[in-house]
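Chain A is already provided as a structure; the job is to place chain B on it using the hints.
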Amino acid sequence: METRKQGTTLFTAIAVLIGILVVIQLWLVAAALEALLSGNRGALLPAAVASFVLLGVNAGLLLYIVRFDERIRRLDEPPDE
Amino acid sequence: MKERGERPRWREDFPIGWEQDHYVTRRELAKFLTLGSALLAGASALIAFAGRLWKPERRRRVRIASASAVPPGGSLLFRFPTDEDPCILLRAPEGSFEAYSQVCTHLSCAVVYRPEDATLACPCHKGVFTCSEGRPIAGPPTRRLPRIVLDVRGDDVFATGVEL
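As you go down the protein sequences, you meet chains A and B in turn.
Quick note on numbering: the first sequence equals residues 1 to 81 in the working numbering.
Quick note on numbering: the second sequence equals residues 1001 to 1164 in the working numbering.
Hints in this document: simulated from the structure, not taken from any laboratory.
None of these values were measured; they are calculated from a predicted model.
Where hints are given, some of them may not hold.
To be verified - Here are the simulated DMTMM-like pairs of lysine to aspartate or glutamate, each with C-alpha atoms no more than 25 Å apart in a straight line:
hint	chain 1	residue 1	chain 2	residue 2
1	B	LYS1031	A	GLU70
2	B	LYS1126	B	GLU1084
3	B	LYS1126	B	GLU1163
4	B	LYS1031	A	GLU34
5	A	LYS5	A	ASP69
6	A	LYS5	B	GLU1028
7	B	LYS1031	A	ASP69
8	B	LYS1126	B	ASP1085
9	A	LYS5	A	ASP76
10	B	LYS1126	B	GLU1116
11	A	LYS5	A	GLU77
12	A	LYS5	A	GLU70
Bound conformation, chain B alone:
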């Protein structure tokens, strides 16, 4: 039997009052969040360190086509810098060359050249990019297409790098 004025039995198992419990929890939460903050700062430092260690890829020079093989308003598919990176070489009606990654920056479908309006179009979700800069101008893509740096020497077209 519980005597008058005696603490109830359950109080022995749960000695911390409701208000005090909240008080402690908030302090612990602040400590936990600060620990998370320290981890995130460490992650940022690691990323910055990785950026310093990461050496830029040495530029390769790959012949991709002869200029005469691509008529004005035509295009040619090639792979650069590796065999797993599809790209598209475009020849504008006035004769200049541009090349971009063929992988749409939305969901990685292959873009196709539309010389009639000088755009690259993604047939999957109707994304459209300009041929002059690879900028998205319509549809869901928000990032530009990686541009392939070209070097045209005589009748040969070389790819020398990728501008992200």
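Chain A on its own, in the form it takes in the complex:
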């Protein structure tokens, strides 16, 4: 059964995971910028595609925790009489 405590743990884990993915995206932006300035344009499109894939994963995780939160809130509400 989903409890608020489980939710707290899950939220922490997902927030950490999203944070790690954002750091990877930051690295991709830095690498792409360096590639652009050094004239190595072949790396730019893969970097952008990878960044959008990571964005998709992050958005999916966010959507998951928002839905999880809604479920938890529904469980916390007193049952209708």
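Below, chain B alone, put in the same frame as chain A:
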């Protein structure tokens, strides 16, 4: 006076419990991080777009020296592609020419030619580059020197481009 069972006054100002506050903060953090992720993805797309728009520089052909003016084992300083880009032309003891940017890729000191061991040395922090490829082989530099593309025609040496 506070009656028994009544909520304390401070609770009206701070109605969210400690645990609930953490719960909300983590969700907000996840939203904030995802927004940052979207911004970074946008930045990557912009960089890729800029790469498509950025047209390669048209190759100029600049005469930099006559071959006979540089003896084997000698070097000559010149500027290419602009007057603010110092470069060094090297002539190996066997007679072949190479040219590189004179700006050290560590902290931009000027490199000098050492024909005795066929290297380019940076006197500031003891960085050493090979003369054959411009690769760093000692000291703090990690990136190779930009190579100047040469075209030797008769007695004339031309610079035609820069390989980063």
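**Asked** Which numbered conditions among the earlier hints are violated in the structure presented, ordered from lowest to highest?
**Response** When the structure is compared with the hints, only number 4 turns out to be violated.
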